[in-house]
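S.K.: Please take these sequences and the hints and turn them into a complete structure.
Same order as they appear, the protein sequences are chains R and S.
At position 121 of the first sequence the residue is numbered 121 (UniProt numbering), and the sequence of numbers has no breaks.
At position 371 of the second sequence the residue is numbered 371 (UniProt numbering), and the sequence of numbers has no breaks.
Honestly, the hints are just simulated from the structure, not real lab data.
Hints may contain errors.
Looking from chain R toward chain S, a few residues come up when the C-beta cut is under 7 Å (computed) [stated by the list, open to error]: (1) R188; (2) E190; (3) F192; (4) I264; (5) F323; (6) G324; (7) P338; (8) I340; (9) C341.
Per label pair, the in silico range of CB-to-CB distance [said to hold, decoys possible]: (10) R:P168 with S:G445: 25 to 31 Å; (11) R:P168 with S:E338: 18 to 24 Å; (12) R:Q120 with S:G613: 51 to 57 Å; (13) S:V670 with R:F68: 52 to 58 Å.
DMTMM-like cross-link-like pairs, simulated, lysine to aspartate or glutamate; straight-line CA separation at most 25 Å [as the list claims (entries may be wrong)]: (14) S:K469 with R:E239; (15) S:K246 with R:E263; (16) S:K246 with S:E290; (17) S:K342 with R:E249; (18) S:K246 with R:E320; (19) S:K342 with R:E320; (20) S:K438 with R:D314; (21) S:K469 with R:D312; (22) S:K342 with R:D250; (23) S:K469 with R:E236; (24) S:K438 with R:D312; (25) S:K246 with R:E249; (26) S:K342 with S:E206; (27) S:K469 with R:D314; (28) S:K438 with R:E320; (29) S:K342 with R:E308; (30) S:K342 with R:D314; (31) S:K342 with R:D312; (32) S:K438 with R:D330; (33) S:K438 with S:D337; (34) S:K438 with R:E239; (35) S:K469 with R:E263.
By construction, the Cβ of each residue, glycine as well, lies at the ideal position given by its N, Cα and C atoms.
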Amino acid sequence: MKHATFEKGVVEMGHGAGGRDMADLIRHLFVTAFDNPDLTGEEDQAILSFPAGRMAISTDAFVVSPMFFPGGDIGALAVNGTVNDVAMGGADPVALSASFILEEGLPLADLARVVGSMAQAARTAGVHIVTGDTKVVERGKGDGIFITTTGFGQVREGVSLSARNGRPGDVVLVSGTLGDHGVAVMGRREGFDFDTNIVSDCAALNGLAGALLDAVPQTRLMRDPTRGGLAAVLNEIAEASRVGIAIREDALPIRPGVAGACEILGLDPLYVANEGKLVAVVPPEQAEIALAALRAHPLGREAAIIGELRADPDHFVEMETAFGGRRMVDWIAGEQLPRIC
Amino acid sequence: MGAASGRRIRVRGQVQGVGFRPFVWDLARRMEITGDVRNDAEGVLIHAAGPALDAFERALATEAPPLAEVQAVESAPHVFDCAPERFEIVASAGGTADTGVTPDAATCPACLAEIRDPAERRHGYAFTNCTHCGPRFTILDRLPYDRAKTSMRAFAMCPACRAEYENPADRRFHAQPIACPTCGPRLWLEVDGAEQPGDPIAQAAEMLRAGAILAVKGLGGFHLACDALNGAAVQRLRERKRRPAKPFALMGDLDMIRTHADAGPEAEARLTDPAAPILLLTARGAALPEAVAPGQDTLGWMLPSTPLHHLLLDAFGGPLVMTSGNLSGQPQVIGNDEARAKLAPFVDGFLMHDRDILRRLDDSVERLTPQGPMILRRARGRVPGTLPLPPGFEDAPQVLAFGGQLKSAICLTKSGRALLSHHLGDLDDRLCYDEFRKADADYAGLFDHRPQIFACDLHPGYRASQHAKTRARAHADGALIRVQHHHAHMAACMAENGWPRDGGPVAGIVLDGLGLGTDGTIWGGEILVGDYVGFRRAAHLAPVPLIGGDAAQREPWRNLLARLDAAGLGALADEILAGRDLSLPRAAAARGVNAPLSSSAGRLFDAFAAALGLVTGAQSFEGEAAMRLEALARSAPEALSRPYPFDAAGDALDPAPLFRAWADDRAAGVSPAIMAARFHAGLAEAFCAPARALIEGGAARAVALSGGCFQNATLLDLCARRLEGLPLLIHRKVPANDGGLALGQALIAAAGGGGDGR
Ligand SMILES: [Fe+3]
Ligand SMILES: [Mg+2]
Ligand SMILES: [Zn+2]
Ligand SMILES: [Zn+2]
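M.R.: Below you can see the structure in the form of structure tokens.
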């Protein structure tokens, strides 16, 4: 078997073969970057002491093209995405595991950069990456790097969040501007010459979510509107809670640059992905408290109340337009094709 | 008295609720026929004995009352157990829902004379009607059609009305909505929540003269009315309704209409039809304020359709703006409380009454073309009329087709007939979607429809398609058939023209907005060759990226950019669209980001309208750019309107040469009107030449013209003339736009065409 070295500066098949090269890679790159007492690189598992109570677990695979984009990269995304999914359950994330599928030929410098930003994101979020795995696939069988992370968190006492909890009258809040991530990634991928202010909102939401739960423990549910955007999350909530949802177009926070790019490209920001925003549903009398709590946090300064849940046997999501119309906000049906005849 | 021989005569068609039985009764008495007449589930049934039965049968069809539509008179021998001495009307047996309800009909001359005659007890009465006129479908709850099943059930007939109702010799015999000032609905004027004392009509007219905007409750919904000659009032209405440019409909009597519009005998015939549609007429003579229809040379006029409108117009004495009472994009308001809640910000008063509107119906919209009248929007006065299915579909299964997304309408087929619903609007609007689902349930109940097959568009994102899927799933053995958009347009045109099921292939020139093609691209400028079962795409516009997807419909310049870049005229695009960032749209087009390839003819119209600078930003209403382009083309002398060239290599008809020739014209200072006319002629030429070749080569037997672009009378005429001598199928009763789509879907599904949607 060919002996892989770091000198070539790219990932080689040997880095995933289970031999010395792999051990070197793990030790020099991952263990060093993720440095924490639970990660040694020597065991097949991490052993953590875990307090009594409920545990939240979430796993997510990350594939993004391009790997690096304004405001983040696949590494930051892989940490924050899973931290956020754990946090949306009302849990404080404790540890992550990470699995890497690397494509032969991936520059090691890129890998190091991704791993570095994972480490940075984990430190910011206050979680440890405690175990992991690496595989290498032949050139052409991957897209540089795929990362799967699994997160573990401790659910706060007395908190019970579920997409089923919404009731008619409850208020819907969003923690900030919509569409930043999706537009930023698309702009970089397609080589569009966007406004430099369009950057991904990629961020860990556990601090923000914790601040909301501290202020409003009665919060019914939280969701992060990633793939499918706000529209998908609202439809999920409407289905699960068996309610309708009405939002107001003029209440939606959208950055002018993002709105402008969406307008030119004919995209609807409601369907564009976010990676650092949460949607919360709270009882009506707690709405202002929730809004204040979100706005007091650095990640929630542009938080807004955007609508409310209503009794509706059809579980439709609709948006009141500036002209007073009621537009139905659908799930996206596959690729969005033009419909206006 | 012994047995006697006679005939059993069955009359089919629109023969109930239109005064048909009293007509038969009167006819029988005149012709010395004895026997009886009754309504039943299949129409009208007559048992007749007497000397002149043949003449009697003929007269049933030829002398039928104005609102009746006799489709068949079938006769068989009948033996009376005992010879009848008189002719009698037999009470209804309460049959099922096989015979149609008639559409609402405008006030008849006799009723109009009554309300204007101070000696009549119905003088000035806003709810006067008879068997020849009045509300029908809009007040109907369910069948069979009698007063107890309408919103007139709240009003008990007074003795005088009852006497008329029961007298076969009276014009109001069994007129279900019969009413008079003593017993019928009441009209009032409401200002600031308070009913105003005094004559509501006189006061309403006074307010209108002072420039007020009034909500007026009509047959199928509320209108917003103001003085059409008062530019400030019309402008105020625009601002309140937030409707910057879409033309307002107008109401006037024939003299008023002729003062402002070109209305010849053909227009008069259409305006005075019992449907009283809005008819698009070319402005001529005294000009109306620009705010009525900014930038348009066409105005939508209608005659008063109810006594209330007649009285108001008589009292006011001039033309009125009569636009639908709704929030922009939403369905018309029908309830009194709904009107108070929603329209209060728009209006200075409400002219309303206590007869409930049970079915929301917009005004129908029609236009005249050199090829005859054409329906653009089927609604009040036209529904629920049915259409006969073409030969070969007599035993077709019951089909329910759900139509398109924006001008939605559903279609039911049953017993050899198709019922195309009223215009239901944009299904992304919650209220329209509710209305759409209500229509689904409602028409099914009304016509006792039990669909075995469901049909919808190929496009999975149409809400109508999603609804169809849900409906078919809930149905134990309901098949779902998905039909290509332009095949459905073509089939609708064939069906309307009675093209037989086995009539052979037709060449369909379908010039449309857009629809999903079978190859995953977006079609819209096509020649399809096929029948009800299948088709092939024989030719199409050369596709270009639809930059921004649906945004290209709102902003015509996107289409101009795509077409000019495709024609190698990028520098000209830079010049014409200066001040606009074109790099991002171009990059999106190059990268295929929300820029699918499309052969849409509608977007080609938009592109050319943008080329002439007719709409520079966003269109303020659907079709604005194309309508302006057509208006401009009409003003050009025909001799100078040589067609712009297309490149017809293979099956792609490429308009790149058109844009290059236009660029030369532009540089030479040719007038925009001539350029607009050359565009129309070029498009007609490009599509008609291959269609003619298909016929002459034996590949097709007729040409059908369909798709939204054929609402354009200029284009229709140019094509019709180029196709002269060939069998030509064009739209008249069924909209060429997506309002007719469901009919085509239904026929294709019934014929076993389309794709399995499971
Ligand atoms: Fe269409
Ligand atoms: Mg996730
Ligand atoms: Zn009458
Ligand atoms: Zn009466």
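S.K.: Confirm or reject each hint.
M.R.: Going through the hints against the structure:
1. R188: violated (12 Å)
2. E190: holds (5 Å)
3. F192: Holds. Min distance 5 Å.
4. I264: Hint on R:I264: holds, closest Cβ of chain S at ~5 Å, below 7 Å.
5. F323: R:F323 check passes; min Cβ-Cβ to chain S is 5 Å, inside 7 Å.
6. G324: holds (5 Å)
7. P338: With a closest approach of 4 Å, the R:P338 hint holds.
8. I340: holds (4 Å)
9. C341: It holds, given that the least Cβ distance between R:C341 and chain S is near 4 Å, below 7 Å.
10. R:P168 with S:G445: 25 to 31 Å: holds (30 Å)
11. R:P168 with S:E338: 18 to 24 Å: holds (22 Å)
12. R:Q120 with S:G613: 51 to 57 Å: For R:Q120 and S:G613 the Cβ distance comes to about 54 Å; the hint holds.
13. S:V670 with R:F68: 52 to 58 Å: holds (53 Å)
14. S:K469 with R:E239: holds (18 Å)
15. S:K246 with R:E263: holds (23 Å)
16. S:K246 with S:E290: holds (12 Å)
17. S:K342 with R:E249: holds (19 Å)
18. S:K246 with R:E320: With a Cα-Cα distance of about 22 Å, the restraint between S:K246 and R:E320 holds, given a limit of 25 Å.
19. S:K342 with R:E320: holds (14 Å)
20. S:K438 with R:D314: Satisfied, since the Cα-Cα distance of roughly 13 Å is no more than 25 Å.
21. S:K469 with R:D312: Measuring from Cα to Cα gives roughly 21 Å; hence the hint holds.
22. S:K342 with R:D250: Answer holds: S:K342 to R:D250 is near 20 Å, not above 25 Å.
23. S:K469 with R:E236: holds (20 Å)
24. S:K438 with R:D312: Cα-Cα ~16 Å, so holds.
25. S:K246 with R:E249: holds (23 Å)
26. S:K342 with S:E206: The hint holds at about 24 Å.
27. S:K469 with R:D314: holds (16 Å)
28. S:K438 with R:E320: holds (22 Å)
29. S:K342 with R:E308: holds (21 Å)
30. S:K342 with R:D314: Distance of about 23 Å is within 25 Å: holds.
31. S:K342 with R:D312: Roughly 21 Å separates the two Cα atoms, so the pair holds.
32. S:K438 with R:D330: holds (20 Å)
33. S:K438 with S:D337: holds (20 Å)
34. S:K438 with R:E239: holds (22 Å)
35. S:K469 with R:E263: Roughly 31 Å between the alpha carbons, so the hint for S:K469 and R:E263 is violated.
Hint compliance for this structure: hints 1, 35 are broken, all remaining hints hold.
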